[in-house]
Amino acid sequence: MSNRTVVGLSGNFHRPSKTRSLVANIVSRISHQYGLDSDVFDLEDFGESLGAARSFRDLNDRSRQIAEKFLAADVIVVGTPTYKGSYTGLFKHFIDLLDPLALQSKPILLTATGGSDRHALIIEHQLRPLFGFFMAHTLPTGVFAVDRDFREYEVSSDHLHARISQAVGDVGQFVQVDQIPAAMSPRPAPALKIATPVS
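Each residue of the sequence shown is one higher than the one before, starting from 1 at the first, in full-length UniProt numbering.
You may find that some hints are simply not true.
Said to hold, decoys possible - Simulated DEER-style distance windows between Cβ atoms:
| # | residue 1 | residue 2 | range |
| --- | --- | --- | --- |
| 1 | Gly85 | Phe133 | 30 to 36 angstroms |
| 2 | Arg148 | Arg57 | 40 to 46 angstroms |
| 3 | Ser116 | Arg54 | 31 to 37 angstroms |
| 4 | Arg62 | His14 | 17 to 23 angstroms |
| 5 | Ser165 | Ala120 | 14 to 20 angstroms |
| 6 | Ala162 | Ser55 | 37 to 43 angstroms |
| 7 | Asp158 | Arg15 | 24 to 30 angstroms |
| 8 | Tyr153 | Gly47 | 20 to 26 angstroms |
| 9 | Tyr153 | Leu90 | 19 to 25 angstroms |
To be verified - Listed below are the simulated SDA-like cross-link pairs for lysine to any residue, each with C-alpha atoms no more than 20 angstroms apart in a straight line:
| # | residue 1 | residue 2 |
| --- | --- | --- |
| 10 | Lys69 | Arg57 |
| 11 | Lys92 | Ser31 |
| 12 | Lys69 | Phe134 |
| 13 | Lys84 | Gly47 |
| 14 | Lys69 | Lys84 |
| 15 | Lys84 | Ser31 |
| 16 | Lys84 | Gln126 |
| 17 | Lys92 | Glu124 |
| 18 | Lys69 | Gln104 |
| 19 | Lys92 | Asp149 |
| 20 | Lys84 | Asp147 |
| 21 | Lys69 | Phe56 |
| 22 | Lys92 | Phe134 |
| 23 | Lys69 | Ser31 |
| 24 | Lys84 | Arg118 |
| 25 | Lys92 | Gln65 |
| 26 | Lys92 | Leu130 |
| 27 | Lys69 | Ala120 |
| 28 | Lys92 | Ala120 |
| 29 | Lys84 | Ile123 |
| 30 | Lys69 | Asp58 |
| 31 | Lys69 | Ser105 |
| 32 | Lys84 | Pro129 |
| 33 | Lys69 | Asp99 |
| 34 | Lys69 | Leu90 |
| 35 | Lys84 | His125 |
| 36 | Lys84 | Ile95 |
| 37 | Lys69 | Leu101 |
| 38 | Lys69 | Ser38 |
| 39 | Lys69 | Lys92 |
| 40 | Lys69 | Glu44 |
Worth flagging that the hints you see were computed from the coordinates, not collected in a lab.
No residue lacks a Cβ here, since even glycine has one placed at the ideal position from N, Cα and C.
With these hints in hand, go ahead and build the complete structure from the sequences.
And the structure:
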C-alpha cells in the first residue's frame, strides 16, 4: 500500500447500517483498485463528544483522531441515511465544525441510502451543494441505494454494483498515477483546522 489514503465517513448513528456497509464497500474497492490505505468511520465512532461539541476543541481524543484522518485523506467517501429528504443532523453537525477551506480541492465521492427511490435526489440537492461550499471536487457519479439493494446489510444488487464500479472509476483521475498532478492534488488542510463558531 502507499501512504495515500481513502477515508469513508458514514452518517449513521446505529449499527448494523446499510449506509456504513455501502461506504465501506466503496472504500474497499477504491483501496484495492488504486492501492490506497483505508479507514471507515461512522458517527457511532465519535461517541457522545460529537453531539456536545461546539468546536473541534471540545472533541475527545478518539474523535480528534478520526477528524484528523478525515481531513488528511487523499480521497474521501461520504454517505448518509436520508431523513425527511436530507442528511442526518449529527452528520451536518460534524461538517459544521470544519473550516470553510478544510476540504478545498479534495476529491469526494458522494453516497446516500433511503427507504425508497423518492429520496434519490438527495445527492444532487443536498450533498453536492454542501460540499460545493467547501470547494471540494465532488466526483460526478454519486451512489444512491435503497433497501432492496442490500441483503443482510451487504450490497447485493447488480445495479448497485455497477453504479459503484462507475463511481470508483471516477477516482482514477486523482490517484491512478504515482504523482497526482498539481492541478488536481488536494491541498492538505491542517490536522484540526477549526471553524469559527457563529451564534
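Do the hints match the structure? See the list:
1. Range check, Gly85 to Phe133: Cβ separation about 19 angstroms, and the 30 to 36 angstroms hint is violated.
2. Evaluation of the 40 to 46 angstroms hint for Arg148 and Arg57 yields a pass: the beta carbon distance comes to about 43 angstroms.
3. Range check, Ser116 to Arg54: about 36 angstroms between beta-carbon atoms, so the 31 to 37 angstroms window is met.
4. Taken as a hint, the range 17 to 23 angstroms holds for the pair Arg62 and His14, whose Cβ atoms sit roughly 18 angstroms apart.
5. A hinted range of 14 to 20 angstroms for the beta carbons of Ser165 and Ala120 is consistent with their spacing of about 19 angstroms.
6. Restraint check, Ala162 to Ser55: a C-beta distance of roughly 41 angstroms satisfies the suggested window 37 to 43 angstroms.
7. Between Asp158 and Arg15 the C-beta distance comes to about 26 angstroms, which sits within the given range of 24 to 30 angstroms.
8. Restraint check, Tyr153 to Gly47: a C-beta distance of roughly 22 angstroms satisfies the suggested window 20 to 26 angstroms.
9. At roughly 20 angstroms, the beta-carbon separation of Tyr153 and Leu90 lies within the given 19 to 25 angstroms, and the hint holds.
10. Straight-line distance between C-alpha atoms of Lys69 and Arg57 comes to about 16 angstroms, which keeps the hinted pair within the 20 angstroms bound.
11. Among the hinted pairs, Lys92 with Ser31 is inconsistent with the structure: their alpha-carbon atoms are about 26 angstroms apart, more than 20 angstroms.
12. Pair hint Lys69 plus Phe134 holds up; C-alpha atoms about 18 angstroms apart against a cutoff of 20 angstroms.
13. Our distance criterion of 20 angstroms between C-alpha atoms is broken by Lys84 and Gly47, whose separation comes to about 24 angstroms.
14. The hinted pair formed by Lys69 and Lys84 fails the criterion: a straight-line CA distance of about 30 angstroms is larger than 20 angstroms.
15. For a cut-off of 20 angstroms, the pair hint linking Lys84 to Ser31 is broken: about 32 angstroms separates their Cα positions.
16. A distance of roughly 12 angstroms separates the Cα atoms of Lys84 and Gln126; the hinted pair therefore holds under the 20 angstroms criterion.
17. At roughly 16 angstroms between alpha-carbon atoms, Lys92 and Glu124 fall within 20 angstroms of each other, so this suggested pair holds.
18. Restraint check for Lys69 and Gln104: the C-alpha separation of about 16 angstroms stays at or below 20 angstroms, so the hint holds.
19. Restraint check: the Cα-Cα separation between Lys92 and Asp149 comes to about 25 angstroms, which exceeds 20 angstroms; the hinted pair is violated.
20. As the CA atoms of Lys84 and Asp147 are separated by approximately 16 angstroms, the hinted pair is consistent with the 20 angstroms bound.
21. A threshold of 20 angstroms between alpha carbons decides the hint, and for Lys69 with Phe56 the separation of about 14 angstroms falls inside it, so the pair holds.
22. A hinted pair counts as satisfied when its Cα atoms are at most 20 angstroms apart, and Lys92 with Phe134 qualifies at roughly 13 angstroms.
23. Our distance criterion of 20 angstroms between C-alpha atoms is met by Lys69 and Ser31, whose separation comes to about 15 angstroms.
24. At roughly 11 angstroms between alpha-carbon atoms, Lys84 and Arg118 fall within 20 angstroms of each other, so this suggested pair holds.
25. Note on Lys92 and Gln65: the hinted pairing holds, with a Cα-Cα distance of about 19 angstroms set against a maximum of 20 angstroms.
26. For a cut-off of 20 angstroms, the pair hint linking Lys92 to Leu130 stands: about 9 angstroms separates their Cα positions.
27. For the given pair, Lys69 sits about 29 angstroms from Ala120 by alpha-carbon distance, which is inconsistent with the 20 angstroms threshold.
28. Pair hint Lys92 plus Ala120 holds up; C-alpha atoms about 19 angstroms apart against a cutoff of 20 angstroms.
29. Our distance criterion of 20 angstroms between C-alpha atoms is met by Lys84 and Ile123, whose separation comes to about 14 angstroms.
30. Proximity of Lys69 to Asp58 is assessed by CA-CA distance (about 17 angstroms); at most 20 angstroms being required, the pair is judged to hold.
31. The hinted pair formed by Lys69 and Ser105 meets the criterion: a straight-line CA distance of about 16 angstroms does not exceed 20 angstroms.
32. For a cut-off of 20 angstroms, the pair hint linking Lys84 to Pro129 stands: about 17 angstroms separates their Cα positions.
33. At most 20 angstroms may separate the alpha-carbon atoms for a hinted pair to count; Lys69 and Asp99 meet this at roughly 15 angstroms.
34. Proposed proximity of Lys69 and Leu90 is supported: the alpha carbons are some 19 angstroms apart, at most 20 angstroms.
35. A hinted pair counts as satisfied when its Cα atoms are at most 20 angstroms apart, and Lys84 with His125 qualifies at roughly 13 angstroms.
36. Of the pairs offered as hints, the one joining Lys84 and Ile95 holds, with about 19 angstroms between alpha carbons and a cut-off of 20 angstroms not exceeded.
37. A threshold of 20 angstroms between alpha carbons decides the hint, and for Lys69 with Leu101 the separation of about 16 angstroms falls inside it, so the pair holds.
38. Of the pairs offered as hints, the one joining Lys69 and Ser38 holds, with about 10 angstroms between alpha carbons and a cut-off of 20 angstroms not exceeded.
39. Taken as a hint, the Lys69 and Lys92 pair is honoured in the structure, with Cα atoms around 18 angstroms apart against an allowance of 20 angstroms.
40. For the given pair, Lys69 sits about 16 angstroms from Glu44 by alpha-carbon distance, which is consistent with the 20 angstroms threshold.
Figure legend: structure checked against the earlier numbered hints; hints not met, in rising order: 1, 11, 13, 14, 15, 19 and 27.
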